[in-house]
Amino acid sequence: MVDSSDYDETPVRFRNLNEVYQDTVEVELTSDSEVEALLAVMEEPSCYRVAAGNGNWVEAMESEIQSINKNRTWELVELPAGQKPIGLKWDYKLKRNAEGEIVKYKARLVAKGYVQRQGIDYEEVFAPVARIETVRLILALAANRSWKVHHLDVKTAFLNGELIEDVYVSQPEGFEKKGHEKMVLKLRKALYGLKQAPRAWNVKLDGSLKKIGFRKCVTEPAVYTRGEGLSKLVLGVYVDDLLVT
Amino acid sequence: MTSEFEMSDLGLLSFYLGIEVEQKRDFITVKQTGYAKKVLDQFGMSDCNATKIPMDPGMKLDADKQGERVDATRYRRIIGCLRYLLHTRPDMSYSVGVASRFMEKPTVKHFNAVKQILRYLKGILNVGLVYTQEKKPEVLVGYTDSDSGGDVVGRRSTGGMAFYLNEGLITWNSHKEKTVALSSCEAEFMAATAAAKQALWLRNLLGEITGTEPKAVSLYVDNSSAIALMKNPVFHGRSKHIDVKFHFIRECVEREQIVVKKVHTLEQKADVLTKPMPAVKFSVMKHLLGVREFELEDHQA
Numbered sequence: 001m002v003d004s005s006d007y008d009e010t011p012v013r014f015r016n017l018n019e020v021y022q023d024t025v026e027v028e029l030t031s032d033s034e035v036e037a038l039l040a041v042m043e044e045p046s047c048y049r050v051a052a053g054n055g056n057w058v059e060a061m062e063s064e065i066q067s068i069n070k071n072r073t074w075e076l077v078e079l080p081a082g083q084k085p086i087g088l089k090w091d092y093k094l095k096r097n098a099e100g101e102i103v104k105y106k107a108r109l110v111a112k113g114y115v116q117r118q119g120i121d122y123e124e125v126f127a128p129v130a131r132i133e134t135v136r137l138i139l140a141l142a143a144n145r146s147w148k149v150h151h152l153d154v155k156t157a158f159l160n161g162e163l164i165e166d167v168y169v170s171q172p173e174g175f176e177k178k179g180h181e182k183m184v185l186k187l188r189k190a191l192y193g194l195k196q197a198p199r200a201w202n203v204k205l206d207g208s209l210k211k212i213g214f215r216k217c218v219t220e221p222a223v224y225t226r227g228e229g230l231s232k233l234v235l236g237v238y239v240d241d242l243l244v245t
Numbered sequence: 246m247t248s249e250f251e252m253s254d255l256g257l258l259s260f261y262l263g264i265e266v267e268q269k270r271d272f273i274t275v276k277q278t279g280y281a282k283k284v285l286d287q288f289g290m291s292d293c294n295a296t297k298i299p300m301d302p303g304m305k306l307d308a309d310k311q312g313e314r315v316d317a318t319r320y321r322r323i324i325g326c327l328r329y330l331l332h333t334r335p336d337m338s339y340s341v342g343v344a345s346r347f348m349e350k351p352t353v354k355h356f357n358a359v360k361q362i363l364r365y366l367k368g369i370l371n372v373g374l375v376y377t378q379e380k381k382p383e384v385l386v387g388y389t390d391s392d393s394g395g396d397v398v399g400r401r402s403t404g405g406m407a408f409y410l411n412e413g414l415i416t417w418n419s420h421k422e423k424t425v426a427l428s429s430c431e432a433e434f435m436a437a438t439a440a441a442k443q444a445l446w447l448r449n450l451l452g453e454i455t456g457t458e459p460k461a462v463s464l465y466v467d468n469s470s471a472i473a474l475m476k477n478p479v480f481h482g483r484s485k486h487i488d489v490k491f492h493f494i495r496e497c498v499e500r501e502q503i504v505v506k507k508v509h510t511l512e513q514k515a516d517v518l519t520k521p522m523p524a525v526k527f528s529v530m531k532h533l534l535g536v537r538e539f540e541l542e543d544h545q546a
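For the protein sequence lines, the chains are U and R, in the order given. Counting in the working numbering, the first sequence runs from 1 upward without gaps. Counting in the working numbering, the second sequence runs from 246 upward without gaps.
Honestly, the hints are just simulated from the structure, not real lab data. The structure presented is a predicted model; accordingly, all values stated were derived computationally and were not measured. Accuracy of the hints is not assured; some may be wrong.
[To be verified] Within a straight-line C-alpha distance of at most 27 Å, the following computed BS3-like cross-link-like pairs (lysine-lysine) qualify:
#1 R:423 / R:485
#2 U:232 / R:423
#3 U:232 / R:380
#4 R:507 / U:232
#5 R:380 / U:148
#6 U:104 / U:148
#7 U:232 / R:282
#8 U:106 / R:283
#9 R:381 / R:460
#10 U:216 / R:460
#11 R:283 / R:310
#12 R:421 / R:526
#13 U:95 / U:70
#14 U:95 / R:283
#15 U:216 / R:442
#16 R:282 / U:93
#17 U:232 / U:210
#18 R:283 / U:104
#19 U:177 / U:89
#20 U:155 / U:211
#21 R:269 / U:148
#22 U:148 / R:460
#23 U:95 / R:423
#24 U:93 / R:283
#25 U:211 / U:70
#26 R:442 / U:148
Turn these sequences into a full structure, and let the hints steer you where they fit.
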């Protein structure tokens with residue numbers, strides 16, 4: 001029987017996976033070239049099972065795991081009683097140039113943040129971004145004073161955010177530690193997909209900016225200033241895009 | 246900071262949140278031509294016949310209860326795209342604002358209005374705002390205007406405001422007022438109060454960014470009786486019903502944060518944000534507002 005308290009929150013599934021499979025025509029793949037041809041059509045695989053067969057994607061996933069390890073994002077722990085790990089998912093993106101040729105295979109590990117509940121898994125999620133009016137005001141100001149506006153971008157910004165809450169995630173598909181398959185990962189830093197990731201990143205950025213002498217505006221928390229007169233710096237923040245003038 | 250995070254310097258700002266920015270020696274331009282083309286493509290309007298105005302002057306859109314319904318999702322999607330375009334296109338602010346009022350149950354009539362906005366967009370793509378170097382200290386100037394009971398559904402008025410840093414248009418808005426105004430004076434009074442809130446915020450923000458003491462913002466209104474009501478807190482039969490919250494602007498004037506000034510209707514820059522206009526007047530007024538057409542670079546190539 002369905003637990004009535006769960007009923008509203010569980011997403012309704014009209015067909016289960018087996019039913020979907022039953023209706024699907026099975027394709028016989030006899031040679032490797034056919035598999036490759038199929039992959040070429042699909043291009044951006046939707047799940048790990050498909051991507052694992054392609055060297056390019058495997059490479060991309062390894063590079064993502066590397067940058068996560070470099071950030072010391074997580075540690076392997078036993079799951080404490082009463083905790084539920086959040087599932088992880090691989091997300092694949094092809095980067096193309098203007099001619100439509102593939103430039104880069106990009107794999108990103110995302111957490112299934114939609115299972116998180118406020119008050120249990122996270123508290124605050126708000127992160128300020130620059131209002132478009134503010135951006136125009138900065139541009140108008142820059143024009144009048146003939147300042148140049150620079151554009152900075154932070155790579156894998158969300159992976160920098162430090163988590164206040166305890167968050168456990170299951171091990172990423174295809175990269176389980178041998179012999180420790182039952183263990184889970186405790187996060188020190190945020191992952192893409194977590195509800196609190198944008199806020200964690202903003203708190204971290206805020207801290208670093210203040211450390212190097214920037215002052216946050218009271219009227220617009222996404223704008224920072226530093227210095228006076230000719231060496232004046234104004235900085236606008238839009239998640240991982242920074243405007244400096 | 247580069248040591249703490251992995252960062253990349255993308256050089257001079259040229260493309261930010263879908264907005265194309267061009268920095269020249271003594272001016273900066275912002276536009277969304279690329280996005281506009283994409284929107285037209287997406288909704289199959291790339292080859293439509295262009296129009297000169299986004300909404301006909303006599304147009305009175307109502308709820309159209311008997312009208313034939315159209316796909317609401319598609320309608321909302323188009324409105325969403327158009328609203329994003331408004332970031333550099335205040336000329337469409339009024340028409341998109343009006344069309345947005347019918348997102349709940351759009352009918353063929355509303356859809357045709359939206360199509361006209363797209364056709365207008367098609368005719369005038371390479372448009373945006375310009376910020377120039379004026380070699381003088383920055384001052385904030387605001388304009389506010391209102392129509393009178395233009396909305397046939399609830400008889401509410403549409404207010405508009407536009408704020409400039411020297412000559413450059415930085416923020417504007419076109420909104421249906423929250424309560425019914427009994428006179429044009431009252432409608433203008435309400436629009437000015439909304440503008441006062443924005444003025445105070447801009448004033449503080451500019452003060453904080455530049456590190457100077459905020460100066461008073463000049464607010465231009467074209468209705469003499471509304472101005473009189475703001476400057477002199479008289480209380481009499483014809484204004485006693487005006488909600489207390491709208492008297493906020495009087496306090497701002499008293500504290501000298503805002504200076505209210507009179508402007509002739511023909512020089513009212515916010516006029517185009519409050520009503521549909523015939524083609525000639527529309528093109529004059531949108532230029533007055535600060536919308537600029539750029540030369541097509543393709544022609545030089």
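Verification of the supplied hints:
Restraint check for residue 423 of chain R and residue 485 of chain R: the C-alpha separation of about 18 Å stays at or below 27 Å, so the hint holds. With a CA separation close to 41 Å, the supplied pair residue 232 of chain U and residue 423 of chain R exceeds the 27 Å bound. Distance hint between residue 232 of chain U and residue 380 of chain R is fulfilled; the C-alpha atoms sit about 17 Å from each other, no more than 27 Å. Under the criterion of a C-alpha separation no larger than 27 Å, the hint pairing residue 507 of chain R with residue 232 of chain U is inconsistent with the structure, at around 36 Å.
The straight-line distance between the Cα atoms of residue 380 of chain R and residue 148 of chain U is roughly 15 Å, inside the 27 Å bound, and the hint therefore holds. A hinted pair counts as satisfied when its Cα atoms are at most 27 Å apart, and residue 104 of chain U with residue 148 of chain U does not qualify at roughly 31 Å. Our distance criterion of 27 Å between C-alpha atoms is broken by residue 232 of chain U and residue 282 of chain R, whose separation comes to about 38 Å. Among the hinted pairs, residue 106 of chain U with residue 283 of chain R is consistent with the structure: their alpha-carbon atoms are about 25 Å apart, no more than 27 Å.
For the suggested pair residue 381 of chain R and residue 460 of chain R, the alpha carbons sit about 14 Å apart, so the restraint of at most 27 Å is met. Restraint check for residue 216 of chain U and residue 460 of chain R: satisfied, since their Cα atoms lie roughly 21 Å apart, inside the 27 Å limit. Only pairs whose Cα atoms come within 27 Å are accepted, and residue 283 of chain R paired with residue 310 of chain R is rejected, the gap being roughly 32 Å. At most 27 Å may separate the alpha-carbon atoms for a hinted pair to count; residue 421 of chain R and residue 526 of chain R meet this at roughly 22 Å.
Straight-line distance between C-alpha atoms of residue 95 of chain U and residue 70 of chain U comes to about 23 Å, which keeps the hinted pair within the 27 Å bound. The straight-line distance between the Cα atoms of residue 95 of chain U and residue 283 of chain R is roughly 19 Å, inside the 27 Å bound, and the hint therefore holds. A distance of roughly 22 Å separates the Cα atoms of residue 216 of chain U and residue 442 of chain R; the hinted pair therefore holds under the 27 Å criterion. At roughly 25 Å between alpha-carbon atoms, residue 282 of chain R and residue 93 of chain U fall within 27 Å of each other, so this suggested pair holds.
Annotation: proposed proximity of residue 232 of chain U to residue 210 of chain U holds, straight-line Cα distance about 15 Å (limit 27 Å). The straight-line distance between the Cα atoms of residue 283 of chain R and residue 104 of chain U is roughly 24 Å, inside the 27 Å bound, and the hint therefore holds. Taken as a hint, the residue 177 of chain U and residue 89 of chain U pair is honoured in the structure, with Cα atoms around 17 Å apart against an allowance of 27 Å. With a C-alpha separation of about 20 Å, the suggested pair residue 155 of chain U and residue 211 of chain U falls inside the 27 Å cut-off, and the hint holds.
Restraint check for residue 269 of chain R and residue 148 of chain U: the C-alpha separation of about 9 Å stays at or below 27 Å, so the hint holds. Between residue 148 of chain U and residue 460 of chain R the alpha-carbon distance is near 25 Å, which keeps this suggested pair within the 27 Å criterion. With a C-alpha separation of about 47 Å, the suggested pair residue 95 of chain U and residue 423 of chain R falls outside the 27 Å cut-off, and the hint is violated. Between residue 93 of chain U and residue 283 of chain R the alpha-carbon distance is near 21 Å, which keeps this suggested pair within the 27 Å criterion.
Distance restraint check for residue 211 of chain U and residue 70 of chain U: the Cα-Cα separation of roughly 23 Å lies within the 27 Å cut-off, and the hinted pair is therefore satisfied. A distance of roughly 30 Å separates the Cα atoms of residue 442 of chain R and residue 148 of chain U; the hinted pair therefore is violated under the 27 Å criterion.
Consistency note: the structure conflicts with the earlier hints numbered 2, 4, 6, 7, 11, 23 and 26.
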